[in-house]
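Novice: Protein sequence lines, in the order shown, are assigned to chains G and X. Everything in the first sequence is counted per our numbering, starting at -5 for the first residue and increasing by one. Everything in the second sequence is counted per our numbering, starting at -5 for the first residue and increasing by one.
Possibly wrong hints are sitting among the right ones.
Copies of the same chain look alike in the list, so a pair counts if it fits in one copy or across any two.
[Stated by the list, open to error] With a cut-off of at most 25 angstroms between alpha-carbon atoms, the simulated SDA-like pairs for lysine to any residue come out as follows:
| no. | residue 1 | residue 2 |
| --- | --- | --- |
| 1 | Lys149 | Lys280 |
| 2 | Lys109 | Phe8 |
| 3 | Lys15 | Ala230 |
| 4 | Lys20 | Leu96 |
| 5 | Lys20 | Lys30 |
| 6 | Lys139 | Pro29 |
| 7 | Lys139 | Asp199 |
| 8 | Lys50 | Asp124 |
| 9 | Lys15 | Ser88 |
| 10 | Lys20 | Ser121 |
| 11 | Lys141 | Leu28 |
| 12 | Lys315 | Phe8 |
If you're looking for bench data, these hints aren't it; they were derived computationally from the structure. The structure displayed is predicted, hence computed values, not measured ones.
There are 2 protein chains.
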Amino acid sequence: MEKMTQKAPDEFEFLRGITAKYGLTKIGDDCAILPKDGDSDLVITADLLVQNIDFKLEWTSAEMLGHKALAVSLSDIAATGASSRYALLSIAVSQGFWASDLLDGFYEGWHKLAKIHGVELVGGDLSRIDEGLVIDSVVIGEVPKGKAVRRSGAKPGDGIYVSDNLGSAAAGLRLLERGYRMSETTDRKVADLLKAQLAPVPRADLGVRLREADLATSMVDLSDGLSSDLAHICDASGVGARIFADRIPIGPELGSLFTDSDELLALALNGGEDFELLFTASSEKKSSPELDGLFNIGEITANVGVIEIISDKGAEVLPRKGYRHF
Amino acid sequence: MEKMTQKAPDEFEFLRGITAKYGLTKIGDDCAILPKDGDSDLVITADLLVQNIDFKLEWTSAEMLGHKALAVSLSDIAATGASSRYALLSIAVSQGFWASDLLDGFYEGWHKLAKIHGVELVGGDLSRIDEGLVIDSVVIGEVPKGKAVRRSGAKPGDGIYVSDNLGSAAAGLRLLERGYRMSETTDRKVADLLKAQLAPVPRADLGVRLREADLATSMVDLSDGLSSDLAHICDASGVGARIFADRIPIGPELGSLFTDSDELLALALNGGEDFELLFTASSEKKSSPELDGLFNIGEITANVGVIEIISDKGAEVLPRKGYRHF
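Please work from the sequences and hints to get the whole structure.
Specialist: Shown next, in the form of structure tokens:
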């Protein structure tokens, strides 16, 4: 019999395979939720940042890289409604970078953000690597027992919300690719988009507030991109979704620099790395003051696994086009 | 004024600098110790394994690499007297390795060891990297409140103990460098040394037993090498040490393959990666049955920061020659 040529699985398929094969029960959310004591659970997340894949040193400063390494993990913790407490940093670094002041700047940027969020560095590891820089950022947070928000709680009829403008980080990446850099003299609109990519602001307070108000039935942070991250909620919750193109918030600086409306929408739908929160809330709570200033972009449906987008072209099925490593 | 050319700090100096600069209170032990509940503390450790620095794929199998990635972290947890519970695995992997069955074997070896130790994989991350393989292994353990064994509790007069033969892992590394490989037909003595290097056995039960018996006043696992790891205990405890060359246990398979006695002793003193436990115990407890079968290699002294080795050549100061990345 002829051997079939098999395509390697994508990362999500691979992780589903490992999870099923070894009977893992705590995999599949942004964070693992572990029992702490009678009052609290711990949530823990790990994020790899690999040079030339997740960042380029020609594009960022050591300080901004340190900031981002922590920010991406704080964002995961925020998406569960937990408060970040402790962190570990494992860094593999080449001899050349070791002899430079790269790590000093990195730790400076990291600690500046850590101080704002009351996070303490408690461990990690340092290793040499032949070339480049690899960072693994681990953050541990705490949340009242049983209250961590998961991906899996969305119900048909729930409203779908995002916390702020989308696409800015992806637009910043495009600008970096076109040669724009962050400096004292960078045009403010350009700088805002570059900053969205290089030094994102995790929505830590908002995540806690939404959990305290018992508003979010499901939540993730927008790291892969709306089309992908909303699919994660739909998969985990066993539901579908309908979103409206004209309700997706896009910042004015983005609109003034990218004028093609299809490109703009694609940046917002598939861009990723905005690190805004995407969550669902029961329609009964749609008048809650906690939702003021947030953006209702659609609703959860019973059409399992299907995400529709409604625009002036009518209704279309939204393909998952978020970032994948493999 | 002429600018001084400064040598980059070694990794221990660098970490001491970061710890002091940012007022970190939980850095410096094998594991960070975090409060859990009224009865327990959590201990957490992270270990990077970088291709060509910490392992070579030409020398090991994917299964043995998975085993070792977990074993090194279980060993850190054991050195605090805690029981390992949860793990996170972050893996940066090249496109080529992704398309191979490397990760399947890796997870297979990892889970086989995890099952023995009751450890559950709860999270981590996967990323692409231009070339090679980088693994960050994070393990979380649990220990009765206030009972985690640290590096800092050694007192002058305490006996110094190691849990088993030293130098085998370093000898295995030498054999790999000379072209020996693990196979069905490998000579048993050679295979034992290769296995000590490629698939070390963490002393998890012993670490817990020593803590339960309230025996260890300080403890570390032998990852960097005896001369370096004993210095870590002396630094943290503010003491010195005297060890006896003829009491350092060396396995018969090692003695039969490496016949130069200076080389043998150097392997045992500086080799590293044996993942045996090194601990101190009060002299009042030297007859404890829990110490049966373990090796008393010397004693803690008040000669702060100085480690002496006594051999038939007399007393000499032992330099720190364990493994350093930088």
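Novice: For every hint, state whether the structure bears it out.
Specialist: Do the hints match the structure? See the list:
1. Lys149 <-> Lys280: within (14 angstroms within a copy, 64 angstroms between copies)
2. Lys109 <-> Phe8: This pair counts as between: shortest inter-copy Cα distance 21 angstroms, intra-copy 36 angstroms.
3. Lys15 <-> Ala230: Classified as within; 18 angstroms inside a copy, 43 angstroms across copies.
4. Lys20 <-> Leu96: This pair counts as between: shortest inter-copy Cα distance 24 angstroms, intra-copy 36 angstroms.
5. Lys20 <-> Lys30: both (15 angstroms within a copy, 19 angstroms between copies)
6. Lys139 <-> Pro29: both (8 angstroms within a copy, 16 angstroms between copies)
7. Lys139 <-> Asp199: Cα proximity of Lys139 and Asp199: one copy only (19 angstroms, versus 31 angstroms across).
8. Lys50 <-> Asp124: For Lys50 and Asp124, the Cα distance is within 25 angstroms both inside one copy (17 angstroms) and across copies (12 angstroms).
9. Lys15 <-> Ser88: between (36 angstroms within a copy, 23 angstroms between copies)
10. Lys20 <-> Ser121: between (29 angstroms within a copy, 20 angstroms between copies)
11. Lys141 <-> Leu28: Cα proximity of Lys141 and Leu28: in one copy and across copies (12 angstroms, 21 angstroms).
12. Lys315 <-> Phe8: Answer is within: at 18 angstroms inside a copy they meet the 25 angstroms cutoff, but 42 angstroms across does not.
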